[in-house]
Amino acid sequence: MFTRGSRLFFGLATASLLGAMLYGIITNGLQSGGVIETLTGKGAVDAVLGPLTLGYKGGVGDHIGFSLLLAFAVCSLAIGIGSSAFRDGDPEAIAELANLDAVPPVSEPNDLSA
Amino acid sequence: MSIIPASVPAPVLPRRRQLLFGTMFVSAAVAMFEFSLVASYLAERAGKRNVWLTENSIPLTQPNMQFAALILGSIFVQWAVWAIARNERGQAYLALGCTAVMAAAFLNQTTFLWQRVGMTMAQAEGPFFYAVTGANFAFIALALGFILLMAFRALGGQYSARLPDGISAAALFWHVNVALYAVVWLAVYIMK
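Protein sequences appear in the order of chains A and B.
Positions 1 to 114 (the working numbering) are the ones given, in order, by the first sequence.
Positions 1 to 192 (the working numbering) are the ones given, in order, by the second sequence.
So that you can see chain A by itself, here it is in the shape it has in the complex (with noise of 0.2 Å):
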């Protein structure tokens, strides 16, 4: 189902994603005065349900470094969606929509804009 060329995008969108979750509540709690406190005191809630929630219920420490891994997982995931969607660029997939039982030669480029 899923192409080879996809899962490198789905895996570096999981990984930015847990990297998010991870850096807002570090931050978050950096800024609170001290991740352990924070998440054994009474704000542990809320210091969990900020990076779930986007900021929405609780904080997300520093936006930036925040905002910036959780686009990354965005990009990365639609861009492993549009892969798997081309299935790769796979010409066997190009032969199949122009109903050829063969892969026929693809025309070389002859300008910039061909």
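It cannot be assumed that every hint is accurate.
To be verified - Here are a few chain A residues that face chain B, going by a calculated C-beta distance under 8 Å:
hint, residue
1, F2
2, S32
3, G33
4, L68
5, A71
6, F72
7, C75
8, L77
9, A78
10, I79
11, S84
These are computed hints drawn from the structure, not numbers from a lab.
Even for Gly, the Cβ is constructed at its ideal location relative to N, Cα and C.
Following the hints, position chain B against chain A.
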């Protein structure tokens, strides 16, 4: 006298999807740029809550109408993709023209909004506000240029049901910019 071979080789296909893949990566780069600007805006706003937008007010009418124009543009550009894939060239040109009008409406409303808000660069929020909304303005202008270029090439016969990639790529870039405007709309205009 030439003899026709019994087995005719398969026809050469034009290159496909390169433009779409290229546009996909460019769109991701544009999104990262826009997201980083919005992140800077939010970080600055969080640090200067007491002075943020105390001297200016941002009306909601123009941002909402801008959003509506962009959503209509998304519908029109998708109509163009549908039409070119079925060789309905007349419909495709009409749809691309309607999308261009929506883009022009958006650009016009943005400049009108800037005049209404009257923010200066000397204010704390000025550089961030103009960086975020100005970047969005520039990317929609780029999307308009992309659509016009693809419409011109379609008019020249380069795009059809056999090779609709150019129109699809322009549509993809448009949709990404509409999604980015949704983020700006929420972060800058709604969550003031």
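Worksheet item: Among all the numbered hints in the text so far, which are the ones the structure does not match?
Response: 1, 2, 3, 8 and 11
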